[in-house]
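**Q** All chains should be modelled from the sequences, with the hints used to inform the complete structure.
Chains as they are written, first to last, in the numbering used here: chain E, 1 to 362; chain H, 1 to 362; chain L, 1 to 362; chain X, 1 to 362.
Do not take every clue at face value.
[Claimed, not checked] List of simulated lysine to aspartate or glutamate pairs, DMTMM-like, C-alpha gap at most 25 angstroms:
1. Lys156(E) x Glu256(H)
2. Lys355(E) x Asp310(H)
3. Lys193(E) x Glu256(H)
4. Lys302(L) x Glu271(X)
5. Lys355(L) x Glu31(H)
6. Lys69(H) x Glu358(L)
7. Lys267(X) x Glu303(L)
8. Lys193(H) x Glu256(E)
9. Lys267(E) x Asp310(H)
10. Lys193(L) x Glu90(X)
11. Lys69(X) x Glu358(E)
12. Lys267(E) x Glu90(H)
13. Lys302(H) x Glu256(E)
14. Lys302(X) x Glu256(L)
15. Lys267(L) x Glu90(X)
16. Lys69(L) x Glu358(H)
17. Lys267(X) x Glu90(L)
18. Lys156(E) x Glu162(H)
19. Lys267(E) x Glu303(H)
20. Lys267(E) x Glu31(H)
21. Lys267(H) x Glu303(E)
22. Lys156(L) x Glu162(X)
23. Lys302(E) x Glu256(H)
24. Lys267(X) x Glu314(L)
25. Lys355(H) x Glu31(L)
26. Lys355(E) x Glu358(X)
27. Lys355(E) x Glu31(X)
Simulated from the structure, these hints should not be mistaken for laboratory data.
4 protein chains.
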Amino acid sequence: MLGVMFRVSVFGESHGPCVGVLIEGCPPGVEVSEEDMRRELLRRSKGFMSTPRKEKEEVFIASGVFRGKTTGTPIVLLLRNSDVNSKPYEVFRRRPRPGHADYVARIKYMGYHDHRGGGIFSGRITAGLVAAGSVAKSLLRRQGIRIAAHTVQIGKVRVEREMSFDEVLRAEESPVRCADPEKSREMMEEIAKASEEGDSSGGVAEVLAVGLPVGLGEPPIDTLDGDLCKAIMVVPGVKGIEFGDGFRMAEMRGSEANDPFVLRDGKVVMETNRSGGINGGISNGMPVKIRVAFRPTPSIRKEQRTVDLDSVEEVSLRAEGRYDSCIVPRAVPVLESVVAIVLADHLLRWLSWMKFSELGTK
Amino acid sequence: MLGVMFRVSVFGESHGPCVGVLIEGCPPGVEVSEEDMRRELLRRSKGFMSTPRKEKEEVFIASGVFRGKTTGTPIVLLLRNSDVNSKPYEVFRRRPRPGHADYVARIKYMGYHDHRGGGIFSGRITAGLVAAGSVAKSLLRRQGIRIAAHTVQIGKVRVEREMSFDEVLRAEESPVRCADPEKSREMMEEIAKASEEGDSSGGVAEVLAVGLPVGLGEPPIDTLDGDLCKAIMVVPGVKGIEFGDGFRMAEMRGSEANDPFVLRDGKVVMETNRSGGINGGISNGMPVKIRVAFRPTPSIRKEQRTVDLDSVEEVSLRAEGRYDSCIVPRAVPVLESVVAIVLADHLLRWLSWMKFSELGTK
Amino acid sequence: MLGVMFRVSVFGESHGPCVGVLIEGCPPGVEVSEEDMRRELLRRSKGFMSTPRKEKEEVFIASGVFRGKTTGTPIVLLLRNSDVNSKPYEVFRRRPRPGHADYVARIKYMGYHDHRGGGIFSGRITAGLVAAGSVAKSLLRRQGIRIAAHTVQIGKVRVEREMSFDEVLRAEESPVRCADPEKSREMMEEIAKASEEGDSSGGVAEVLAVGLPVGLGEPPIDTLDGDLCKAIMVVPGVKGIEFGDGFRMAEMRGSEANDPFVLRDGKVVMETNRSGGINGGISNGMPVKIRVAFRPTPSIRKEQRTVDLDSVEEVSLRAEGRYDSCIVPRAVPVLESVVAIVLADHLLRWLSWMKFSELGTK
Amino acid sequence: MLGVMFRVSVFGESHGPCVGVLIEGCPPGVEVSEEDMRRELLRRSKGFMSTPRKEKEEVFIASGVFRGKTTGTPIVLLLRNSDVNSKPYEVFRRRPRPGHADYVARIKYMGYHDHRGGGIFSGRITAGLVAAGSVAKSLLRRQGIRIAAHTVQIGKVRVEREMSFDEVLRAEESPVRCADPEKSREMMEEIAKASEEGDSSGGVAEVLAVGLPVGLGEPPIDTLDGDLCKAIMVVPGVKGIEFGDGFRMAEMRGSEANDPFVLRDGKVVMETNRSGGINGGISNGMPVKIRVAFRPTPSIRKEQRTVDLDSVEEVSLRAEGRYDSCIVPRAVPVLESVVAIVLADHLLRWLSWMKFSELGTK
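**A** Take a look at the structure:
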């Protein structure tokens with residue numbers, strides 16, 4: 001379960017009957033637009049040179065929504081799986097794909113796991129996150145919090161310059177969700193080239209969240225960045241996370257890394273945002289800025305070495321089936337969703353203290 | 001609270017009477033050596049050119065340990081604060097240090113926070129984590145799990161080559177906890193130089209954990225890497241985390257990034273460890289390898305711009321007080337501790353399923 | 001969410017599309033028999049003079065079960081709602097039924113709740129608990145733990161004598177699930193009489209759980225009896241819970257209330273079971289014995305006084321719709337289920353420590 | 001851990017160095033009066049013919065309070081143990097007291113438990129609950145919520161009539177905390193008589209909480225009554241809990257048990273309070289009314305039968321040591337405290353939704 005007040009659990013297997021999500025603790029009256037949800041889900045399902053698997057992406061609202069608004073009781077959102085072909089996956093039970101969860105799944109679940117389509121380790125599981133993210137985004141809009149993500153690196157192609165929130169929103173126009181048109185083209189070339197070679201590409205996506213009040217996060221344990229990390233790690237393929245200038249901060253001196261406080265129109269802000277909107281585990285009012293590194297998809301058509309776990313011998317393997325050459329563009333709306341889920345939770349926690357402080361004025 | 005079976009909460013302020021930790025769910029019979037604990041705490045308190053504040057680092061075992069072993073009931077470990085000088089911090093209530101939590105603390109806690117010595121945002125809070133980590137390490141030894149960390153970067157000085165677990169253990173001999181003697185010297189120079197200039201340095205530490213069984217981690221939500229991230233974020237100053245090849249994986253092709261399965265002495269292992277010991281949120285039997293980026297200490301003697309929150313005007317600030325020029329060397333034992341805490345929790349969860357599977361054989 | 005290792009969340013509204021349950025943390029390999037589940041659900045749906053609403057009670061396994069066994073990943077079980085008639089409930093939005101949750105629901109959920117059929121406050125929600133209970137019972141069988149419940153009081157008709165576990169199992173033959181044939185008849189008369197008068201009856205059910213090892217429960221906070229209480233309170237209509245001799249113990253002296261330890265075949269047992277199988281929040285190896293008081297169904301056809309919340313005036317109300325005259329007989333399998341859920345959780349926690357203690361023997 | 005927003009964990013053993021409590025999630029600015037806390041603790045330590053063990057009941061505030069107010073960060077409150085005599089308890093390791101946790105403790109904790117003075121199973125542990133309760137009460141006062149408890153039964157002496165909140169407050173004047181002077185005398189006689197005979201007495205205490213808004217409680221799982229039960233079960237010796245008319249409701253018809261809604265000064269209230277202030281797991285605005293049954297203290301000087309676990313033979317036992325003849329009077333402030341802890345948690349959850357609903361008006 002993610003969250004304390006806004007609590008989210010996902011379930012479902014890639015080739016089982018459905019995937020979905022349970023949301024507990026959402027306050028009543030939050031607008032749930034099926035159209036919005038569907039749009040977000042279509043964003044998730046559409047990538048550049050992505051798997052040809054086509055889902056209808058129609059959400060079945062099983063509970064917790066009445067007359068278009070949340071009721072305040074548990075919400076379940078379901079997405080039927082269809083267009084599945086489980087055949088190519090049979091061999092991975094005995095011959096695990098290098099870099100994939102096939103091997104750990106077999107050992108951990110003692111052979112009882114549903115391996116078809118990668119089971120719970122499939123990107124399909126993220127559809128539930130996106131459905132939940134749509135509710136979270138609707139909730140956050142009430143406070144004026146908005147979230148957008150974009151692709152900033154595919155393979156060795158990198159967007160070096162900073163992007164404003166509005167620029168990031170325009171990334172949606174690019175097939176790889178990169179807001180820089182030049183880099184967008186290069187990224188497509190990289191993905192196409194890797195794909196032609198039967199290979200796959202990694203990359204980096206960046207998430208921005210704006211409109212946060214100062215004060216989200218509950219250190220020492222429930223830091224905002226810690227909870228964001230845990231939620232982001234639910235997304236398959238993540239191998240690194242950084243906030244603000246992240247790993248580049250390791251090279252800096254304090255005098256370079258610190259964001260000076262200044263007054264703008266009588267309000268306290270920071271002149272720079274190297275901290276990425278979070279200090280000491282608490283939002284500081286500046287945009288939250290997170291960069292997430294994705295490994296290249298482990299399922300590739302190139303020949304790889306693996307072990308046959310039944311016969312216990314080294315063998316070679318080419319992964320048949322339908323895979324994304326690069327998951328980063330499709331991960332963009334998923335990252336927005338998990339960030340929205342965490343912010344919704346911390347917003348509700350923060351609102352409680354705000355309201356409590358008002359009691360004191362009586 | 002961190003954890004589900006082995007649950008850890010920290011408390012205490014830098015200049016309050018004490019810092020400490022509560023551990024719940026620890027099984028009975030785990031050896032608790034006060035000597036071990038003290039040694040770990042001394043590792044934490046000793047850094048290169050670190051704060052001259054000197055604590056006795058004597059742990060007061062308030063509950064949950066009897067005759068040198070855990071009882072199975074809640075454990076509380078306390079460390080008295082002493083040698084405190086709160087005076088230099090008074091000004092930070094109104095004039096927050098750039099890059100520090102002074103500002104967010106004042107807003108979030110509505111002025112009720114204990115600002116002295118940085119309060120809960122001080123590195124002092126990590127003493128509780130180290131005390132808990134000592135218990136977790138003792139627990140993990142029963143399964144043969146060992147953890148070691150070292151400094152791999154200070155400023156622009158970087159250790160490029162891979163280190164084995166045994167090499168990492170030798171990092172303890174270096175004043176900056178870097179296992180490469182050459183780089184160790186350069187790191188000391190960098191820290192000294194920054195300090196002379198009234199500035200501070202960032203860096204990167206790496207943690208290795210060996211001896212894990214295949215199967216720790218409970219995806220989709222409670223992934224091993226996600227829980228590790230959340231715990232690591234409790235450590236002050238962390239701005240980035242990566243597993244295995246991390247951000248470098250974003251540049252790779254799948255064929256480069258995947259770790260081939262091979263047989264060694266009839267056992268399935270991976271030929272490389274680019275995944276850092278975790279696939280799909282579950283330990284894969286290879287060493288868990290995590291790299292953590294630390295920002296430079298925000299408290300510096302150089303002049304910086306800030307805002308006086310009472311008079312609402314821009315002012316300049318030089319941070320008086322005792323600060324570490326670079327916290328990375330001191331963070332090394334802290335990172336080992338938070339990793340140990342998470343692994344202890346996931347080990348206990350895993351043991352439950354192991355035992356349950358044995359019931360089936362009856 | 002109930003539980004720490006075996007975690008259960010329920011969802012769904014009476015007249016929404018479905019009700020259901022999410023189970024997280026269930027180990028892999030637990031047999032899930034759709035036939036067993038259906039039998040338990042039919043037990044729940046069948047009562048004496050109960051609501052004529054007829055559901056198919058077919059469980060849709062949405063995730064977490066593969067080839068008849070649990071996979072170790074989240075399980076979702078769904079039950080479609082059908083045969084619903086929401087019309088009679090419309091009036092309760094403005095004119096709340098005395099004794100019912102109509103009023104608190106309107107205020108708490110600010111009017112956004114789904115009131116149809118009582119929404120989440122309907123007994124229908126317990127179908128999800130029973131589905132989860134069926135999985136929990138299957139898990140518990142591996143340890144030899146069995147659970148049975150029966151009706152011991154309806155109105156003023158009371159079963160005074162103690163029943164053995166085997167006798168309790170025979171309660172299933174009675175239309176009111178009372179193992180005493182004489183009292184069973186009297187209970188039916190009481191229910192019929194109340195029903196004829198447009199009224200409803202309360203009662204008491206007793207749950208027995210046998211085969212528990214000594215040691216389930218994690219005081220000081222997660223006591224076995226405390227976790228049982230919390231789970232039992234999820235069942236609608238519960239107003240009292242007691243363990244062993246319960247409230248009668250308040251009248252006793254210590255010398256009467258204490259269960260003497262004796263040897264039977266060389267094993268330590270208690271001669272009596274006034275404590276109801278739990279001491280200090282921990283199972284003591286004797287049968288766990290719980291008695292649960294249910295209020296009479298608040299929805300009655302007799303005229304009652306209430307307030308019209310829209311016009312703000314006192315009015316009289318007769319509840320139209322389909323209600324159970326007495327829910328106690330139908331609550332019997334539900335109580336078994338919630339007890340099974342809690343015991344499954346504590347069993348998994350206990351198994352972890354058992355396995356850990358074996359590591360020590362290496 | 002109890003609670004979601006206001007989270008409480010207790011720790012400590014009877015004859016260890018201290019007992020105490022950790023509170024997380026308490027908002028900043030709540031007044032913490034050491035005098036209040038001490039008064040509550042003295043109430044807990046004073047009973048009629050209770051253990052002669054005398055503690056100073058001075059709370060050591062280890063963290064989370066600054067200048068007399070909570071800081072918003074984790075609070076730890078400690079109470080030193082003193083005046084301990086562990087000698088009489090040595091025998092209970094091998095010869096468990098009937099009715100006591102000695103036996104289950106030895107098995108569950110595999111002999112590693114701290115048995116001295118009953119360890120964590122001692123009533124001493126409740127001092128931490130009372131310290132936390134004092135903070136919770138202070139928090140609740142800001143919303144106008146007040147709590148009071150009293151003794152309503154000792155042995156066969158029962159207070160039959162209903163008491164108003166103000167009457168209950170006067171129970172403090174009675175040595176057994178019974179608000180009826182006549183019954184108070186009879187209760188003292190019962191306790192004295194049992195004590196003379198080397199025996200102990202059980203009883204029942206009632207808790208009232210007034211001033212709650214409509215809407216505390218989060219069904220279906222986190223019901224207000226369920227969370228209250230779980231917290232109450234932390235108090236040693238509880239064997240039964242009922243809300244409102246509780247077990248007596250089992251005898252009633254719906255028409256008798258339902259509380260009619262009426263208008264009083266234009267406000268909706270209930271004419272009676274048989275439901276005890278809770279419907280459907282949610283507070284209904286009427287006083288919350290809970291009755292709690294306590295078993296007689298298991299430690300008695302009368303000869304009892306037990307088993308020597310080392311020599312495996314039946315033996316007889318007289319419990320030496322200092323015990324309360326009846327714990328009910330001393331449990332009164334403890335019950336108030338655990339109820340306050342649960343209400344504080346649910347109040348904070350409720351305030352979050354209240355504040356969120358205000359965002360919508362923008």
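**Q** Run through the hints listed earlier and report the numbers of any the structure violates, in increasing order.
**A** Going through the list in order, the structure violates hints 10, 20 and respects the others.
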